[in-house]
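Student: Make a model of the complete structure from these sequences and hints.
Residues in the sequence shown are numbered consecutively from 226, following this note's numbering.
Don't read these hints as lab results, they were simulated from the structure.
Be careful, since some hints might not be right.
Pairs of lysine-lysine residues, derived as DSS-like cross-links and limited to a Cα-Cα distance of at most 27 Å, are as follows [stated by the list, open to error]:
#1 Lys601 to Lys677
#2 Lys576 to Lys601
#3 Lys321 to Lys384
#4 Lys514 to Lys384
#5 Lys446 to Lys634
#6 Lys367 to Lys446
#7 Lys659 to Lys573
#8 Lys462 to Lys446
#9 Lys457 to Lys601
#10 Lys573 to Lys514
#11 Lys321 to Lys367
#12 Lys321 to Lys446
#13 Lys601 to Lys581
#14 Lys384 to Lys462
#15 Lys634 to Lys581
#16 Lys694 to Lys608
#17 Lys694 to Lys576
#18 Lys581 to Lys457
#19 Lys601 to Lys573
#20 Lys367 to Lys384
#21 Lys608 to Lys659
#22 Lys601 to Lys634
#23 Lys457 to Lys373
#24 Lys514 to Lys581
#25 Lys608 to Lys634
#26 Lys457 to Lys367
#27 Lys384 to Lys446
#28 Lys634 to Lys603
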Amino acid sequence: VEPRRANTKPDGTYKLRLAPAEWRIHVTGREGFISPWDERNTSRDVRVAPGQTTEGVDFTLGRGAELRGIVVDPRGRPVSKAIVRLGAIWSRATTKDDGTFSLHGLKPDQEVSLCAHSPDHALGAIVAVTPNRDHAEPIIIKLAPCVKMTGTVVDGNGKPIQEARVRVQQHISRPSSARWIMEIDSAQTDGQGRFALRLLPGTEHDLEAHAEGYGQARMPKLTVNREKDVGKLVLRKADAFIAGRVTDVEGNPILGAQVNAYGDGQPLLCRGITDSQGRYRIEPLVQGKVRVSVWCGNDSAHREDVPTGSQDVDLVLARREEPKAVLHAGQDGPEITVAQWLSGQGVKGLKELTGKVVLLQFAAPYNPAVEPCNEKLKELHQKYAQDGLVIVSIYDASLPANETAEYVKSKGIPWVVGQVAETPQMGWSSPAFKAYGVRSVPSVFVIDRSGKLGLINPALAELEAGIQKLLVER
Numbered sequence: 226v227e228p229r230r231a232n233t234k235p236d237g238t239y240k241l242r243l244a245p246a247e248w249r250i251h252v253t254g255r256e257g258f259i260s261p262w263d264e265r266n267t268s269r270d271v272r273v274a275p276g277q278t279t280e281g282v283d284f285t286l287g288r289g290a291e292l293r294g295i296v297v298d299p300r301g302r303p304v305s306k307a308i309v310r311l312g313a314i315w316s317r318a319t320t321k322d323d324g325t326f327s328l329h330g331l332k333p334d335q336e337v338s339l340c341a342h343s344p345d346h347a348l349g350a351i352v353a354v355t356p357n358r359d360h361a362e363p364i365i366i367k368l369a370p371c372v373k374m375t376g377t378v379v380d381g382n383g384k385p386i387q388e389a390r391v392r393v394q395q396h397i398s399r400p401s402s403a404r405w406i407m408e409i410d411s412a413q414t415d416g417q418g419r420f421a422l423r424l425l426p427g428t429e430h431d432l433e434a435h436a437e438g439y440g441q442a443r444m445p446k447l448t449v450n451r452e453k454d455v456g457k458l459v460l461r462k463a464d465a466f467i468a469g470r471v472t473d474v475e476g477n478p479i480l481g482a483q484v485n486a487y488g489d490g491q492p493l494l495c496r497g498i499t500d501s502q503g504r505y506r507i508e509p510l511v512q513g514k515v516r517v518s519v520w521c522g523n524d525s526a527h528r529e530d531v532p533t534g535s536q537d538v539d540l541v542l543a544r545r546e547e548p549k550a551v552l553h554a555g556q557d558g559p560e561i562t563v564a565q566w567l568s569g570q571g572v573k574g575l576k577e578l579t580g581k582v583v584l585l586q587f588a589a590p591y592n593p594a595v596e597p598c599n600e601k602l603k604e605l606h607q608k609y610a611q612d613g614l615v616i617v618s619i620y621d622a623s624l625p626a627n628e629t630a631e632y633v634k635s636k637g638i639p640w641v642v643g644q645v646a647e648t649p650q651m652g653w654s655s656p657a658f659k660a661y662g663v664r665s666v667p668s669v670f671v672i673d674r675s676g677k678l679g680l681i682n683p684a685l686a687e688l689e690a691g692i693q694k695l696l697v698e699r
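Tutor: In structure tokens:
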């Protein structure tokens, strides 16, 4: 469906003309304001009825902090036209002739990582900074020499691939923010398939390459301390496909559903859109097995280990039931059930936790909105676990249990984590998700010592104060 767009008026109001249907309304924000994504305030799901006006679809944007600074070379001289990028939201600035720059709309008092480099990438640096709304003291970013890394991109027969895109990136992890992937440098191969990149010495980087008509190749965890040639990156030819049909449970075709294919070594973008008969075709793909998934509104389905070349990869969208639960503070917290516990000892139910303050989080692995929530929960767990706070996370079934468990372990999540059983909606129609009316992740509920709901989906900024209040109540 063609997106509908509108700009807000001077009074902040907006108007969209939409056909009767279910819609998801997104707000993109504005310079000087905190990104709505950081505030878990990016979208609202609405149902537009014929002949009716839907009101109250409101968004709140917080004013952000400004970060000012200067970029200098190893001798302390200002660097003109240096690029400064913010890994968390990909904001960027170019330094002036005197080396100064400014970034706007940053979340106050939250540590972020800045990547800066000279125009030729010969000098670079990554620094951690904490923007402050009230005291925007300039920072100094001192660049250091980068190390040259070269290599060659070839096809399966060893023939050089020209105009392949190669990039090197680094995983950035800070105590007060989620883990982000920051691109350090990128290049395009020449007629001999050769490329040259500049890296920060002594740190781990991931090297990736892709080209039109081919899959991807990757070299993870590269550390380069001096000029180095990494050899050959081999791209496999993408000459395969999959095809199938998307229908509802009654066999009716679904028009306009986006179907995606995922797999190691596959091209960057593997997707297809269903036609009026519900049919789709995804190509080109590298020969092998892929995971196929479809999303359409609130409905989804997926299939694992699908061989390329399959022409009958049919997917059935079972409409997710509207959550019947309407929860209010003060009522008993609905009981929870999971298919299995992935970490910790697990719990038999909320009654077992009577006398504790329970923070219940519904989540999905690798979801960008869940990452900052998890970091906040780590902070709360460290501060208040000894005072009686118990955190329990329930994950959907978008991944097999063993992969979700690996994700939990890799993120260093110290509290109890469970996963619901797989359903046609990847666990979203499970009893636990339905009991709490979960329609998006992360969803957070805090239950007091007597088992009653104390907080329902509070903003992250308000969560700690609410927990402190519940902990002192007896």
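Student: Now, for every hint given, state plainly whether the structure supports it.
Tutor: Hints, verified against the model:
{"no.": "1", "hint": "Lys601 to Lys677", "result": "23 Å, holds"}
{"no.": "2", "hint": "Lys576 to Lys601", "result": "26 Å, holds"}
{"no.": "3", "hint": "Lys321 to Lys384", "result": "43 Å, violated"}
{"no.": "4", "hint": "Lys514 to Lys384", "result": "25 Å, holds"}
{"no.": "5", "hint": "Lys446 to Lys634", "result": "19 Å, holds"}
{"no.": "6", "hint": "Lys367 to Lys446", "result": "25 Å, holds"}
{"no.": "7", "hint": "Lys659 to Lys573", "result": "19 Å, holds"}
{"no.": "8", "hint": "Lys462 to Lys446", "result": "25 Å, holds"}
{"no.": "9", "hint": "Lys457 to Lys601", "result": "42 Å, violated"}
{"no.": "10", "hint": "Lys573 to Lys514", "result": "38 Å, violated"}
{"no.": "11", "hint": "Lys321 to Lys367", "result": "16 Å, holds"}
{"no.": "12", "hint": "Lys321 to Lys446", "result": "34 Å, violated"}
{"no.": "13", "hint": "Lys601 to Lys581", "result": "19 Å, holds"}
{"no.": "14", "hint": "Lys384 to Lys462", "result": "12 Å, holds"}
{"no.": "15", "hint": "Lys634 to Lys581", "result": "25 Å, holds"}
{"no.": "16", "hint": "Lys694 to Lys608", "result": "14 Å, holds"}
{"no.": "17", "hint": "Lys694 to Lys576", "result": "21 Å, holds"}
{"no.": "18", "hint": "Lys581 to Lys457", "result": "57 Å, violated"}
{"no.": "19", "hint": "Lys601 to Lys573", "result": "26 Å, holds"}
{"no.": "20", "hint": "Lys367 to Lys384", "result": "41 Å, violated"}
{"no.": "21", "hint": "Lys608 to Lys659", "result": "31 Å, violated"}
{"no.": "22", "hint": "Lys601 to Lys634", "result": "17 Å, holds"}
{"no.": "23", "hint": "Lys457 to Lys373", "result": "16 Å, holds"}
{"no.": "24", "hint": "Lys514 to Lys581", "result": "46 Å, violated"}
{"no.": "25", "hint": "Lys608 to Lys634", "result": "21 Å, holds"}
{"no.": "26", "hint": "Lys457 to Lys367", "result": "33 Å, violated"}
{"no.": "27", "hint": "Lys384 to Lys446", "result": "26 Å, holds"}
{"no.": "28", "hint": "Lys634 to Lys603", "result": "13 Å, holds"}
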